[in-house]
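J.: Following the hints, position chain B against chain A.
Protein chains in written order, with the working numbering: chain A, 3 to 423; chain B, 3 to 423.
Hints were generated in silico from the structure; no laboratory data involved.
Note that this is a predicted model, so its numbers are computed, not measured.
One thing to keep in mind: the hints can contain errors.
For identical chains, the list gives no copy identity; a pair is met inside one copy or between any two copies.
[Said to hold, decoys possible] Pairs of lysine to aspartate or glutamate residues, derived as EDC-like cross-links and limited to a Cα-Cα distance of at most 16 Å, are as follows:
| hint | residue 1 | residue 2 |
| --- | --- | --- |
| 1 | Lys272 | Glu330 |
| 2 | Lys390 | Asp63 |
| 3 | Lys349 | Asp388 |
| 4 | Lys230 | Asp76 |
| 5 | Lys78 | Glu237 |
| 6 | Lys240 | Glu165 |
| 7 | Lys85 | Glu127 |
| 8 | Lys92 | Glu124 |
| 9 | Lys209 | Glu165 |
| 10 | Lys209 | Asp76 |
| 11 | Lys372 | Glu338 |
| 12 | Lys22 | Glu399 |
Protein chains: 2
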Amino acid sequence: MKIALIAIGDELLNGRTLEKNGHWLAGFLYENGILLNDITIIRDDEEVLEETFKKSFECNDFTIVTGGLGPTLDDKTKSIIGKVFGGPLKESAKAIEIVSKQYENYSRQWHRESNSYHMIPEKVEPIFNPIGLAPGLKFVDSSREKYIFCAPGVPREFFGMFEKEIYPFIKSHSNFPNETLRQVTVRTRGVPEEEIFYRRCPGLWEKLSEFGQVASLPQIMGIDILVKFYANEEEYKKKRDSISAIMKSCAIAENIWSWEEGNLEEFVVKEATAKNLTIAFAESCTGGLTANRITNVSGASQVFLASYVTYANEAKINALKVLPKTIEEYGAVSIETAKEMAAGARKSAHSDIAISFTGIAGPGGGSKEKPVGTVAIGWSTKESNDAKLYHFKGDRELLKQRFSEAGLFKLLNLIRSSETN
Amino acid sequence: MKIALIAIGDELLNGRTLEKNGHWLAGFLYENGILLNDITIIRDDEEVLEETFKKSFECNDFTIVTGGLGPTLDDKTKSIIGKVFGGPLKESAKAIEIVSKQYENYSRQWHRESNSYHMIPEKVEPIFNPIGLAPGLKFVDSSREKYIFCAPGVPREFFGMFEKEIYPFIKSHSNFPNETLRQVTVRTRGVPEEEIFYRRCPGLWEKLSEFGQVASLPQIMGIDILVKFYANEEEYKKKRDSISAIMKSCAIAENIWSWEEGNLEEFVVKEATAKNLTIAFAESCTGGLTANRITNVSGASQVFLASYVTYANEAKINALKVLPKTIEEYGAVSIETAKEMAAGARKSAHSDIAISFTGIAGPGGGSKEKPVGTVAIGWSTKESNDAKLYHFKGDRELLKQRFSEAGLFKLLNLIRSSETN
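Chain A extracted, bound-state conformation:
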């Protein structure tokens, strides 16, 4: 079964808006056993829309369109869908019904002349918008079992309409896969890609390829290796165990830190919750990024108590009781300051573990001895209070990410080596 996405909007092609619907759709479909065939991002241009719609409809079972359904004149999806597939715009009783319902839900008054939401191409069906006002569109060529669906470009509206209104049709399609696309994930840290496959473990790629399609994906701080295949539950478990045995006996076994999907902050929250450990941070250069990542995980409140984002030195002294002398003598970016920050955060928050970050994210503030990219990461637990200096490369945002990643890895290791509370 082939599904493609077309995303429409000049703002997606001038650097203003990052197209995220494709990423979400791809993940949603993949979890349901389908690999999205492609994503095409095009301008608000009638000719381009027409040509792209036609081509995608020919090549795919399902074409999903996002964007261009709003009430303003730069929204051209409906008229072009009409031109290519559905005929001229006509008043649609069903559109009136579903749009009226949503205006009522939002306690707003519908002025039809403001948006023409009630006008729908003759052979097209309007789709209820569970999150917003503009209805979606559905055109079917029943003889060839081909579909085109149009949904709004605003991400939450797109997600809601796809999940609740569009996906059920896709699932009922005759080509929907019976077997599930499965994946075995092996996540490594500390060895470059070519070092893994050519120096340390020659032949590993070929060995893994016997189980399915292999992919090697560089992450911010390591390489994830994936093996994908269609299988039922039993076959999946067998293959997973074989792959795991191969990996555990290869030369990078020690560099594997996880066998599961999910980001680092999810592992931290899950594993700290399981061990009943509480966490605090003292953040300078990361500026709240680490706390923000942890609090994106729902359930974070089980383990996360506080982060002291002490950007100014005075704040480090007041909130974390760092000694002014330490900062004077060693500098704010130093092992000594990081140690005191971590100890201060742990004490103030009464947490089991605290991690601190003090470094230089740039572009300014670097020196010969401590260039941009230098970070001291400290930790404090019942047993130990120490810190380590690292050097990373990148621009301001990437460095913040790398600093944060290094601290969360330290935290995960402390959680793993800690005895259950």
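T.: Using the frame of chain A, we list chain B on its own:
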């Protein structure tokens, strides 16, 4: 002049990795007067690559390819470029030179058998990679002045190679525009899109269209209206003044909060710096997001002192001196608690202004009286200490964004209404 981007990788189509190179490229080109024609994201599949390369080369002056240049077997870009345009792989003296140089720069030893970086299709030129190891590729059809460039998929490598090695060629192309694509930006808050164009300001779209192409872009908390046109500096100023006069006399004049591109946190840092004001936050539900946003702006250290991410009630009491009685009596999510959090943050950080956030981002934690999406935003300045309750909709991450956005808007207004320090 037509430029298109092709991004390659299964990981971009299974929800694992968000494709960001297109967004960056689009912004970079737009600043240089060019609208990127389209972005196509495709799988690591030889047939798909071949077909997509051919089609894009036909339709565009420049095709930029990102991804599939790495050392592992899922990297197929080079062989397909060879098959379609450049002939069989041969040892390239230039590739050996540029790759050796980078291995030296990184103090690593190059084992040719690990990656075949020295093998390049006959009619293709290798491109120096200023940020990484894998060389890029360049194929030219000189008679038709058509180019295809291949760069790595890792964003920082893509950005570096495009900016330093690929863009200079594009700029020297005969079709490079003489005039610059300009844009007038009008940013509004508090009025829905259709309300602006159909109820309050009918005819506004048409009036603005006389100056160029109009776009209306819904943001997290408002609508941005853009007018784009090619113009030299003088024409641009004239048009900008006329558009500004129209907007200032229309019915949504009071809803305009900015005439410039840039995100809210950039405005906050810029305007607070200009007025010599310092800032602190007390964040509960936003979990450090607000501090993270502010510290993504370089120069933030001029104005931002600290954020107290007090997720646990105990942390609110210890770090911000919120009275236990206040939390008991009114709850952690209340105007009263938000007021005390803001006052505590301002006092502890010795800042001019402090903003506090306490709310329910969900999915758990809501109640009938205080459903998920409720937030109290507090502020403290020399003159006032107060708070306001808001209700928003969305999932956890969106709610964190909306809470943070509402607080930063309050902050921006306080900065704007403050007298210079």
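J.: Taking the hints in turn, state whether each one holds.
T.: Hints, one by one, checked against the model:
1. Lys272 with Glu330: Classified as neither; 39 Å inside a copy, 29 Å across copies.
2. Lys390 with Asp63: For Lys390 and Asp63, the Cα distance exceeds 16 Å both inside one copy (55 Å) and across copies (51 Å).
3. Lys349 with Asp388: within (15 Å within a copy, 30 Å between copies)
4. Lys230 with Asp76: between (41 Å within a copy, 13 Å between copies)
5. Lys78 with Glu237: Neither. Shortest intra-copy (48 Å) and inter-copy (29 Å) distances fail the 16 Å Cα cut-off.
6. Lys240 with Glu165: neither (32 Å within a copy, 47 Å between copies)
7. Lys85 with Glu127: within (15 Å within a copy, 45 Å between copies)
8. Lys92 with Glu124: within (6 Å within a copy, 58 Å between copies)
9. Lys209 with Glu165: neither (38 Å within a copy, 39 Å between copies)
10. Lys209 with Asp76: between (52 Å within a copy, 14 Å between copies)
11. Lys372 with Glu338: Classified as within: same-chain Cα gap 14 Å, cross-chain 44 Å, threshold 16 Å.
12. Lys22 with Glu399: The answer is between: 14 Å across copies meets 16 Å, while 19 Å in one copy does not.
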